[in-house]
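Number of protein chains: 2
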Amino acid sequence: MSNHEPLVVVAMGINTHQEPIAYMHRDCPVCRAEGFSASTRILVSTEDCNLLATLDVVENHTLSPGHIGLSNIALERLGVVEGDIVVVQHAPLVHSLGFVRKKIHGHSLSDEEMDAIMQDISDHRYRDIEIAAFLSVCAGERLNLDEIIGLTRAMVSCGKRIEWSNNPRIFDKHCIGGLPGNRTTPIVVAIASAAGLTIPKSSSRAITSPSGTADTLETLFDVQFGIDGMQRIVRETGACLVWGGAVNLSPADDLMVRIERELDLDGEGQLIASVLSKKIAAGSTHVVIDIPVGETAKVRTLAEADYLSGLFNRVGTACGIQVRCVITDGSRPVGNGIGPVQEAIDILAVLRCEAQAPVELRKRSLELAANLLDLANNTGLEQGRSLAQDILDSGQAWTQFQLIASAQGGLKTLPKPDFSSVMTCTEAGEIRAIDNRRLARLAKLAGAPNDKVAGIRLHANVGSILKAGDPLFTLYSDSPGEMDYALEYYRQNGDMFLIVESG
Amino acid sequence: MSNHEPLVVVAMGINTHQEPIAYMHRDCPVCRAEGFSASTRILVSTEDCNLLATLDVVENHTLSPGHIGLSNIALERLGVVEGDIVVVQHAPLVHSLGFVRKKIHGHSLSDEEMDAIMQDISDHRYRDIEIAAFLSVCAGERLNLDEIIGLTRAMVSCGKRIEWSNNPRIFDKHCIGGLPGNRTTPIVVAIASAAGLTIPKSSSRAITSPSGTADTLETLFDVQFGIDGMQRIVRETGACLVWGGAVNLSPADDLMVRIERELDLDGEGQLIASVLSKKIAAGSTHVVIDIPVGETAKVRTLAEADYLSGLFNRVGTACGIQVRCVITDGSRPVGNGIGPVQEAIDILAVLRCEAQAPVELRKRSLELAANLLDLANNTGLEQGRSLAQDILDSGQAWTQFQLIASAQGGLKTLPKPDFSSVMTCTEAGEIRAIDNRRLARLAKLAGAPNDKVAGIRLHANVGSILKAGDPLFTLYSDSPGEMDYALEYYRQNGDMFLIVESG
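Chains as they are written, first to last, in my numbering: chain A, 1 to 503; chain B, 1 to 503.
Mixed in with the good hints there might be a few duds.
[What the hints assert, rightly or not] What the simulated footprint calls covered on chain A by chain B, stretch by stretch (three residues with Cβ under 8 Å from a Cβ of chain B suffice, anywhere in the stretch; the number is not a length): (1) 140-151; (2) 186-197; (3) 289-303; (4) 480-488.
[Claimed, not checked] Where chain B lies over chain A, by a calculated footprint (3+ residues, C-beta under 8 Å): (5) 261-269; (6) 429-438.
Since the hints were made in silico from the structure, they are not lab data.
Keep in mind it's a predicted model, so treat the numbers as computed, not measured.
All C-beta atoms in this analysis are idealised placements derived from N, C-alpha and C, irrespective of residue type, glycine included.
Kindly produce the complete structure, drawing on both the sequences and the hints.
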């Protein structure tokens with residue numbers, strides 16, 4: 001357009017997360033000439049770079065006309081600092097938003113349309129409300145098989161891909177989550193790579209849970225590595241345990257995940273595309289997927305789990321990756337710890353074969369490792385099980401884990417929480433059930449996963465028989481406000497533990 | 001919660017539209033103690049008032065720890081000014097968001113769930129992304145009849161209601177829009193009230209169109225009146241022509257409409273609930289609804305229009321209001337003007353029976369007035385038609401319109417645009433079709449409806465036979481940037497006029 005009057009950048013120092021915000025004074029000549037008002041979408045440009053931003057109009061005198069304030073993410077993406085010069089104009093139309101509206105109106109999207117949406121999201125052309133609209137109408141079984149395949153491929157094609165030139169077979173495992181303390185990944189990776197499988201594992205941070213594997217691992221060693229770093233660690237150890245977000249494997253997914261988290265939303269098609277796109281981008285050829293089933297897990301019935309397995313297999317096949325789904329018990333917490341540090345404690349206990357290691361965490365890790373070994377060696381599950389157990393019990397897995405930790409900067413000392421509060425059982429009885437969703441929410445309210453030390457340590461689980469006054473769990477937090485907030489939630493939701501007088 | 005350390009309010013002067021934003025320094029003790037980070041939802045409180053806000057964390061030194069910046073809407077809703085003291089804590093859970101997730105997952109919502117959502121939206125407890133999620137999953141025929149009824153009632157119950165104690169029958173008309181220049185309302189209201197009907201008309205501003213009736217009327221006289229004002233005007237004249245938003249009839253709808261506009265979304269259930277809730281809240285008992293049908297209108301086929309009429313009737317009946325839908329020709333622009341001021345020019349021409357008055361605008365206004373008169377008097381449509389025509393042609397309608405204008409502060413002089421640009425026909429031929437959607441977009445790109453003078457004056461319409469060089473339309477704008485933007489769009493979309501060599 002015509003108006004290329006230069007504006008001087010002011011670094012507002014405001015963290016607006018992923019949505020770039022520009023601030024201009026109401027009387028700024030460009031603002032007036034272009035007819036910009038609050039919420040207008042504008043294109044901010046330097047000589048080398050363009051950025052779509054949302055305008056917040058400033059009406060007092062903190063910002064002079066002739067200046068343009070930029071939020072942190074806007075500065076970062078545009079590569080400018082205070083005092084630099086930019087020009088602004090009306091934002092061009094984002095054509096793929098027409099496809100989002102098409103989906104809103106109940107029509108399916110073609111591969112090309114999915115590509116266009118993912119490309120625009122990964123290029124940061126979508127506002128948060130636009131991503132929210134897209135995710136909402138893709139949730140609740142609203143994506144058909146072709147759309148999930150299209151979405152998966154589209155997510156892959158707008159990110160980086162890792163090549164493993166000397167390895168024709170790359171293994172991976174993934175848990176679709178929803179089960180507090182189900183932190184098998186580091187143990188499975190240690191066992192599988194000790195057995196000679198190449199397993200370059202990248203994990204995500206929590207979406208709606210109190211901790212993602214990457215959140216937990218980060219308390220043990222560095223997880224932020226680029227592709228070069230991953231390749232070096234895998235060369236040295238046969239495996240790695242890194243955060244997927246740092247390698248930019250699926251940038252569109254990373255942007256969507258935050259909105260999913262804020263909306264507390266987990267779409268099924270989105271889930272499959274998110275998981276498989278990251279596996280494909282990471283160069284994986286064989287993947288074991290853990291699907292925990294339970295009344296209060298993410299997947300509630302066996303039928304749902306079968307349906308999801310079927311989808312995973314079909315989408316995997318269409319995208320050239322071999323997928324084996326393992327349906328596991330999701331009726332109770334797996335480890336005793338919930339939250340990054342608490343889960344790390346459990347992982348170390350299992351790897352070191354300590355007496356207090358949570359039994360269920362050990363059992364599940366062995367079962368998943370056995371499936372990976374069977375997928376690799378085709379020797380049957382029984383053989384896989386005994387191999388996995390040998391590797392864990394002989395200490396080979398723990399040695400292998402320490403090797404990986406060294407390659408990733410060395411084991412850290414786990415931090416201690418500032419505040420803790422022991423909750424006890426008010427009446428004697430047996431724990432018949434634990435509501436995973438509310439338990440997860442409790443840990444989140446205490447500050448997990450942002451506060452690494454925040455979380456829960458269970459002192460009893462489903463089946464435990466308790467006397468009045470016996471400890472049920474300890475709540476940890478780093479902030480008194482969040483501790484109070486969590487405690488208030490627990491006071492109103494004590495029935496998340498179903499305790500029945502034992503006969 | 002525990003942390004009630006006072007913070008000093010800083011008026012940031014930032015217009016963040018309807019979503020209240022709070023700004024706190026990263027090192028603010030409250031921020032640290034409570035574990036707040038960017039995008040955390042917080043509750044800001046004075047002694048009398050609470051407000052949910054989204055946190056933007058400030059990382060430089062524009063804001064000292066111990067202070068809290070508030071955006072304009074946050075200051076306004078909380079009723080505070082710079083220097084006042086507030087306390088903050090974690091936002092309480094908004095329970096009705098669970099119902100939004102339920103809808104996202106494809107389940108229908110009960111009346112109580114709709115009530116809870118509308119109440120929370122109208123109490124400003126939803127973030128923009130949450131409203132976007134709700135609207136997206138309600139669009140595209142995803143609300144069933146009971147849900148639309150529930151939504152309509154819920155919208156009514158969270159707003160004000162107008163009582164018309166001495167009038168058992170209150171009339172109203174509404175056009176569902178989508179047709180540029182279809183500004184019949186002021187003419188219909190003038191005719192109907194001249195015939196003795198009580199018709200207190202409140203209109204909306206544009207959602208996705210270049211002008212809403214309220215935007216157009218505002219160029220002629222004041223439209224911002226409260227309920228007292230409306231009642232006075234109706235006492236004096238039997239009618240009024242005001243903006244519905246100023247009387248707070250449906251506060252939830254007003255908040256949703258902005259997000260619908262930003263997403264360029266028009267949900268059918270949302271549409272019905274939005275229209276009828278405002279009519280019911282306004283105390284109407286009889287409503288005529290104009291549904292224009294055309295390939296590029298909001299409703300594209302007769303079948304769709306019938307379906308929509310059926311829904312309007314059923315929801316109306318369930319909510320105790322008599323609805324008559326009139327399906328009209330939506331294949332071509334109705335008036336010659338598009339945009340607030342240009343449409344006002346057409347309205348005056350029809351009311352004054354001027355020679356250049358757009359024929360179609362006059363015809364449709366008469367037909368809708370005839371339907372209202374028939375609904376009122378039960379004398380048949382023919383009788384209604386001749387009565388309506390008498391009132392218009394005798395000048396009674398124009399006299400009545402001036403009476404209403406006087407009661408609303410008097411007729412204003414229409415402003416003139418700063419920039420205009422005449423587009424001509426490049427090749428001789430007949431206009432076979434005009435794409436209403438792209439024509440509307442062109443007017444919007446020129447700045448309508450925010451810039452009152454921005455818009456289009458058509459010099460030809462469907463059926464016109466033109467020579468090369470004949471004027472097709474004039475584009476008006478108040479800003480060179482928007483004029484350029486619109487012209488560029490027209491250069492790429494000249495085929496919005498389908499001109500065929502005439503034989």
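Item to check | Hints violated by the structure (numbers, ascending) | outcome: 2, 3, 6
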